[in-house]
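Number of protein chains: 2
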Amino acid sequence: MLPNSLVSKLEEIVGEKNISTDKYELLAYTITDRSYVSRIQLMGLNLKPEYMYDCVVWPQTTEQVSEIVKLANKYRVPIIPYGGGTNDMGGTVPLTGGIAVDLKRLDKIIEINERSARVHTQAGVILQILEWELNKHGLTTGHAPACMYDATIGGTLSTRSSGSLSNKYGKIPDMTLGLEVVLPTGEIVNIKPVPEGSTGPALKHLFLGAEGVFGIITSAVLRTFQLPEVRRFRSVLFKNLHNGIEAGRKIMQSGISPAAIRLSDEAETMKNHKMQGCYCVFCFEGPREIVDAEEKIVMKICQEEGAEDLGSEEGKRWWERKYYMYYSTPRSSVYPPEEGKIRFAIVPDTAASYDEIEPLYYDILNVVKKYGISVYSHFSHWYPHGTMVYPVIYFNVIDNIEEAMKIYTAVWNDIAAVILKYKTASLNHHHGVGFILGRYLDKEYGEPLFRIFKEIKKILDPNGIMNPGKLGL
Amino acid sequence: MLPNSLVSKLEEIVGEKNISTDKYELLAYTITDRSYVSRIQLMGLNLKPEYMYDCVVWPQTTEQVSEIVKLANKYRVPIIPYGGGTNDMGGTVPLTGGIAVDLKRLDKIIEINERSARVHTQAGVILQILEWELNKHGLTTGHAPACMYDATIGGTLSTRSSGSLSNKYGKIPDMTLGLEVVLPTGEIVNIKPVPEGSTGPALKHLFLGAEGVFGIITSAVLRTFQLPEVRRFRSVLFKNLHNGIEAGRKIMQSGISPAAIRLSDEAETMKNHKMQGCYCVFCFEGPREIVDAEEKIVMKICQEEGAEDLGSEEGKRWWERKYYMYYSTPRSSVYPPEEGKIRFAIVPDTAASYDEIEPLYYDILNVVKKYGISVYSHFSHWYPHGTMVYPVIYFNVIDNIEEAMKIYTAVWNDIAAVILKYKTASLNHHHGVGFILGRYLDKEYGEPLFRIFKEIKKILDPNGIMNPGKLGL
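In order, the protein sequence lines correspond to chains A and B.
For reference, each letter of the first sequence is one residue, going 1 to 473 in this note's numbering.
For reference, each letter of the second sequence is one residue, going 1 to 473 in this note's numbering.
Possibly wrong hints are sitting among the right ones.
Since the list can't tell identical chains apart, any single copy or any two copies may satisfy a pair.
With a straight-line cut-off of 16 angstroms between C-alpha atoms, the simulated EDC-like cross-links for lysine to aspartate or glutamate are [stated by the list, open to error]: (1) K108 / E67; (2) K421 / E358; (3) K370 / E16; (4) K9 / E447; (5) K300 / E67; (6) K423 / E111; (7) K74 / D414; (8) K168 / E295; (9) K406 / D355; (10) K250 / E114; (11) K23 / E12; (12) K316 / E295; (13) K457 / D442; (14) K250 / E229; (15) K457 / E320; (16) K458 / E320.
Because the hints were derived from the structure by calculation, they are not lab data.
Just so it is clear, the structure is predicted and the values come from calculations on it, not from any experiment.
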């Protein structure tokens, strides 16, 4: 419970319509489709499931955000920056109560600069809304994660997210030119949207991926790209996973970047396509001449790796339905299908170099096998130097929540241990770490880097009010 | 002068052959071709020109570097990390004496991993030597700055440098996967060479571009690329600068990346090519099909901008001679041509968005005009969202060193003021800031960011021993 005087002062800042302490509203914020998973997970960590926000505020300006943060400092009350609430890693779960600062009213697209291929947008804008607006000008962000109908710009920046077309357009940090950030002290930082520079360390990277622990991103200047002249698909079937990964590697190292490569492992191929082998879909986009050249090079490499050509129709269908799984998941598999039954899935996405990705993948399968649960994986987000594996692990239906949570925690621990064993594997590729993976971040960084990280936190957030308990802090 | 006990202990660490306090050796380190400019510049800042290193050491291992730094902390003696000494901005000038830690004996290429397209190299390796070694395996770093025959990996990482082919391969931070850094306390940080990750802020960016103020980079894992199947050139002549910049913009926004675009302004075109208009050379590289497609798209855009096709021969000549100016400069123009005569050049390279680059360029010309000195500019390092201008400013021959230095300082001040006026312009694009531009870094960052930067410095370097006086610290 917040002191009444704090609530009154928050009301003065945002107006009484833009604050709520109503317990059902707060429950709705806590138990959204995605954060319901987080609540189950909370229990798995033996944290109290009744942890809830004390209050939610809807500021409309950077100055209001700054005033809220200053006030929270005075009262030593936690702030949890809140965008679309889509994160998988519990990044917005209120571990010690506090004020949810929902940024969705910072919803202005401030400037679309076609000549200089950039857009200045407030942090509360939903990705798909920005995308629709840019599309009217023949532009795109190139950023298309599954959550884009729910997630905000601020959330995507705060988790270093990747979209379906990342091979070509990069990760969100690659697309970010400038930032406005309200620091945990309430001061406002503006990072210039320069094309590139050599002016000391690029400090924008302190805030990108920080999941709100170093401040609240209130606006950003992002790159834009022209909508491609051509978007084309092609599917193939590899005899086995190794051939598929080798093809992906050779393609990415040949000097081209198909916008997407999505390679299913044997289990996912059988489940989704009822075929033996490894299904793979390619998306090409850009000027027609480039797409023609890329498709030719890709098909030559696939042929060398013994793949069967499945044509272009399957790929188109994948593109049209690529987000179906994401938006249907809570209803079909994660939400308890009936009272007292626990059923959910986790996704420990990780990336590694080509010499480590296959052993890492098989090590993850072995963990899952040990627990007798099922896993379907795909490989997407390809780089010349490595790729990402996305294992979707479905837990069995279990009656006993205590038992379910024990297995859940054990699986995460085992998988994190496997990932940390590899010298090029990332604890997470694009979902962030929140508190679920935050527990292992000290091992990912190692000492003395993790100590430095904690010391930077102390400089930026002397009272420790910003999103406590996340990123291992 | 260093205490004898410190010199003895340094000898114990590196061996007596690998340390020197000989004044001629130290003078040679201070007055290299490039840092001679720095010495003139030092005088321009009214700092004592007699500032020199007290000692130079040549460690061979990361552990030795760590021991040296620990010792320097104990004695509170400055450390200046030293690579090739090629920097233009005085980043290695010993403003308060101290120990030059020359890293050129950390010269091992530790691992070339062809399958995973990466190389692990020590920081003292000269860029061109790494390049030759990779070429034997059919690989390249894609990093080709003019200084590559002199500069080290550590130097290039510490200045966020860009090479001639940056349009295609990016800046050195884009190529960097992992880092080993000796912190100012002597502790050793290892940043994992993951393909990509979402595990909090990407802290490698604290050290990239830090010019040694946050520690000494001792090794790095860099991306490698396959040597291109085809490298091809094409030159054109635009009627005026605006047409040339518009063509570059349209090309970079069309979804392709020619490896290099080098557009000369009218002054440089007349000086180098004896032609009216703006000369431009393109370099294409990659698979043959891609190069064919890119060249076709580029020539179509150039035609739309009214350019005259000059064929491919001129471009080849540019490529073969592209570093001539760099390596001949000290002898022909910067070194005093005769006793008592001062003649030198400066290069305030900056990048800005397409809507600001032309006004910025003309503002720089106006500054130069005011002083009656000459300037020849080119535009290279193109992005979809902006480009870089590289004005080479030649000062007149002046007899009086005091007078020369007054003009020199005034020109830098005026140009920095012009750059800082633009909201998308970078104080420097790829040379770093050292102490010459470090004076303006507080304005580039603004508050509270510059204060945070200084506080991070205090955490990492509590005794302030690392490269003092650089980056405005």
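Kindly indicate which numbered hints from before are broken by the structure, ordering the numbers from low to high.
1, 3, 4, 5, 7, 9, 11, 15, 16
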